[in-house]
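Protein chains: 2
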Amino acid sequence: MEDSLNRLYETTVLKNNFNNINLFKILSLNKSEKKKIKRKQKINNDNKHLYYINSGKIMTKRNDVIISIHQEGEFVGLNALLDEENTKDEFIVVEDGLVCEFESMEALFTLLSLQEGWIYLLVQEKLRCERLIQNSICIHKNGKEKIKKIFVYLAREFGTATEKGMLLPTSFNRSLIAEYSNVTLKSLKKIIELLALEEWLEINGQKIYIKYDSIQSYV
Amino acid sequence: MEDSLNRLYETTVLKNNFNNINLFKILSLNKSEKKKIKRKQKINNDNKHLYYINSGKIMTKRNDVIISIHQEGEFVGLNALLDEENTKDEFIVVEDGLVCEFESMEALFTLLSLQEGWIYLLVQEKLRCERLIQNSICIHKNGKEKIKKIFVYLAREFGTATEKGMLLPTSFNRSLIAEYSNVTLKSLKKIIELLALEEWLEINGQKIYIKYDSIQSYV
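These protein sequence lines map, in sequence, to chains A and B. FYI, this note's numbering numbers position 20 of the first sequence as 20, with every residue one higher than the one before it. FYI, this note's numbering numbers position 77 of the second sequence as 77, with every residue one higher than the one before it.
Accuracy of the hints is not assured; some may be wrong.
Unchecked claim - Cβ-Cβ distance ranges computed for the label pairs, FRET-style: (1) B/S55 <-> A/E193: 38 to 46 Å; (2) A/I26 <-> B/E106: 25 to 33 Å; (3) B/E199 <-> A/K186: 33 to 41 Å.
Just so you know, these hints were derived from the structure itself, not from any lab. Since the model is a prediction, treat every value here as computed from it, not as a measurement. No residue lacks a Cβ here, since even glycine has one placed at the ideal position from N, Cα and C.
With these hints in hand, go ahead and build the complete structure from the sequences.
In structure tokens, the structure reads:
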């Protein structure tokens, strides 16, 4: 008992075993419905469904504030299980794609019929907290420093490696980044120009590449 | 089975049963050490101990940003169980008081030897997320509106009812509130004066009373 707990106690083991892929496998024992999602679409958040993102991106908002952005391989609406607070969240599609829609109640029963069901829920919640904390740390900076931190975060989480640096998803347009960063669109544009001049990032039309050196300079 | 899950599914039931008091009772089966805490003291966060606050207040910081403030009847360091990320957090005393220090490993073993141990951890994590989201929503406002939201939040969480309104803890001085709100001390002081003129709040030396009408106007 103590030994297996000790092994569990290691975060990496916990996060590797009780990850989204394994959770998706478990929930897939139930029926699900594949649904196309379209940019700007609001997904019904009735607390009766949860979604696994096969492709595309979805943001969750509360009181008009972007709480987090989710991508391929992640769940949306899972934290609403056992928690009515989260029904206040809005789900808005940021990038076209495909989701699997599950019934929340059925998913919950499946999950809690397993001994380790709670662990899955706990790991999900811990990941959610970590994201919120990262976001909180970014937001507490000001001006250029804040935008740099947010770009590094977005590049690490959502970027695609290219020769020029990490390319941010083109679906993350200036308005979205400004809203996420809590700065005006005008300020954001100015800071991006400045960072391009400093060769901290590179722009090409709507595309933003964050230089590898810039990313590496942040722990 | 389904019936008991349905009952569990209600958030209020979950939060009422797996609350801090019951968790404290369970952990108290282990040895613990009572320790006095002094304002500005840094509490050793070695991931080997967790704390139950009998009296006083403790804030957690990461990268110099205040993540949350904890008070009487709450745990600090509990989320570090199974999660090394949280060892990056600093614990700093905001208000003198008394804590019970538990050994983390022992607490974890006790908790996970119970069937419902995971649920306690999950509820704690959900509460942590909720706080972070509230904080995130406040921080995304600007100027006066931001300060109002933060005052309402602090009054609800930490305030003492008086004739003049909800009195904020005097340990929450202007510097702490400015840091928490991510505004300069100068701006905060200006906004407080303005809000006092508008009779949205009342000040008396260092004391800040948030009027009941002001609090009720926020959902």
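Is the distance from the Cβ of B/E199 to the Cβ of A/K186 consistent with 33 to 41 Å?
-> 35 Å, holds
Outcome for the supplied range 25 to 33 Å, where the beta carbon pair is A/I26 and B/E106 | Distance hint for A/I26, B/E106 holds at roughly 31 Å.
Per the hint of 38 to 46 Å, is the separation of the Cβ atoms of B/S55 and A/E193 within bounds?
-> Since the Cβ atoms of B/S55 and A/E193 sit about 53 Å apart, the hinted range of 38 to 46 Å is violated.
Checked against the numbered hints given earlier, this structure breaks only hint 1.
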